[in-house]
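**Q** Chain by chain, the residues run as shown.
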Amino acid sequence: MNNTAVVTTETNPHHQPPPVPAASVPAASAVAAPAMTDVFGKPALLRDEDANLYDALFSRVVAAARPRDPFEWMLLKDYADLAWEIFRLRRAKAGFVNTMHKNALVEVLKKLALEPRPALLFHKNQEAKAAILEQLALHGLDEGVVTAEAVVACCDELALLDAMIKSAEQRRNAMLREIDYHRGGLATRLRDAPDVVDAESEDAPVADGAEAQPARLSANRR
Amino acid sequence: MTSPDRIAANRGNAARSTGPRTAAGKRKVATNALRHGLRASIDADPETSGVVARIAAVLAGPDASPHLRALIRPIAEAQADMLRIRSTRTKLIDLGAAANAGEGETDPIVSSLATLVRLDRYERSAMRRRQVALRELRKSYTRLSK
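So the protein lines, in turn, are chains L and W. FYI, in the working numbering the residues of the first sequence are 1 to 222. FYI, in the working numbering the residues of the second sequence are 1 to 146.
What the hints contain is simulated information worked out from the structure, not anything from laboratory work. None of these values were measured; they are calculated from a predicted model. A few of these clues could be false.
[Claimed, not checked] If you want the footprint, here are the derived chain W segments under chain L, 3+ residues with CB under 8 Å:
#1 11–20
#2 45–52
[As the list claims (entries may be wrong)] Derived DSS-like pairs (lysine-lysine); straight-line CA-CA distance at most 27 Å:
#3 K91(W) <-> K139(W)
#4 K91(W) <-> K42(L)
#5 K91(W) <-> K166(L)
[As the list claims (entries may be wrong)] Ranges between beta-carbon positions, derived for each pair:
#6 A24(W) <-> C155(L): 44 to 54 Å
#7 A174(L) <-> I7(W): 23 to 33 Å
#8 D63(W) <-> T37(L): 17 to 27 Å
#9 R121(W) <-> A153(L): 45 to 55 Å
#10 R47(L) <-> R121(W): 18 to 28 Å
#11 N10(W) <-> C155(L): 42 to 52 Å
#12 C155(L) <-> R121(W): 47 to 57 Å
#13 E115(L) <-> D45(W): 22 to 32 Å
#14 L121(L) <-> G50(W): 47 to 57 Å
#15 R47(L) <-> E47(W): 16 to 26 Å
#16 S59(L) <-> D45(W): 38 to 48 Å
#17 V117(W) <-> T37(L): 21 to 31 Å
Beta carbons: idealized from backbone N, C-alpha and C, even for Gly.
Given the sequences, and given the hints that come with them, work out the whole structure.
**A** Now the structure itself:
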């Protein structure tokens, strides 16, 4: 192979695109998606995560970036994996707070010297919920105080989850810089892609039995 | 300071107990120090070494020179490590979910947070190795292209 040949891609106002070995940069058609996904194997998904949603995310990333060589495919795969990891952690955080909500309501009612048993019906019975909210309103409080109590009860775990989300975001941003460095201008187009998929995944159907974890993805898995 | 008597006693004890002697015993203790295997040599893991070979082959292309292959190998190794860590993470969370099945209240991610934070550290380390290797590759081509 010719080691000295270089390919420079789009121009970047901030820096020159890095040289890339020409022989390792096949034409776009030569780097087909199925071939690359075979190389990286199946995506690392949880058993209750929907592989179709991951594919939708990766497809959008690929559509936005139009990778032109295997290095770009590799970086984009990481970008999609990290974006997915961020969604997963955010959902875990929201699901965890929701799970703690019931316990927190009991604690709030106890603190206000109210009968805690109706808390068990809060999410099941609209009348019970209205009665509890009425009681809270008498003390100048609303449902937000229950969420606050839940957050306080699990703040150590939330701090760790936040740290992991931040770490994943930093790595995703580092990936954008790496992609930017590899090919000027590409990362700018990518920055909007995951948000679109995030919005779509919020609307995704939730499988039966997923009620306990309302913020998780659906249960279908390829 | 250790006394001569103590040293003699230690040597005597060591001579009497030098670990397992049978093949089965040696096999059993071979993984005593293994905690998760994520830092094990890639060559020791046939599955991961296969992934490394596939990634390296795709990145280098069919006609790559030995020089290019040598530069690309650490990129592929770091990438395979990252894939291995991600797979480990999901297996760990799935295991937590299976172990907590029926309890309903504990999120498997939350119940595995301490371990997940450690895995995060490994992934960052692998990503840094790949970044360094990618820059080495680019530097090499910059030098060659001048």
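**Q** If a hint holds in the structure, say so; if it doesn't, say that too.
**A** Tested hints:
no., hint, result
1, 11–20, "violated (count 0)"
2, 45–52, "violated (count 1)"
3, K91(W) <-> K139(W), "38 Å, violated"
4, K91(W) <-> K42(L), "13 Å, holds"
5, K91(W) <-> K166(L), "22 Å, holds"
6, A24(W) <-> C155(L): 44 to 54 Å, "50 Å, holds"
7, A174(L) <-> I7(W): 23 to 33 Å, "53 Å, violated"
8, D63(W) <-> T37(L): 17 to 27 Å, "24 Å, holds"
9, R121(W) <-> A153(L): 45 to 55 Å, "27 Å, violated"
10, R47(L) <-> R121(W): 18 to 28 Å, "25 Å, holds"
11, N10(W) <-> C155(L): 42 to 52 Å, "50 Å, holds"
12, C155(L) <-> R121(W): 47 to 57 Å, "22 Å, violated"
13, E115(L) <-> D45(W): 22 to 32 Å, "58 Å, violated"
14, L121(L) <-> G50(W): 47 to 57 Å, "56 Å, holds"
15, R47(L) <-> E47(W): 16 to 26 Å, "20 Å, holds"
16, S59(L) <-> D45(W): 38 to 48 Å, "31 Å, violated"
17, V117(W) <-> T37(L): 21 to 31 Å, "29 Å, holds"
Of the numbered hints stated above, those contradicted by the structure are hints 1, 2, 3, 7, 9, 12, 13 and 16, listed in ascending order.
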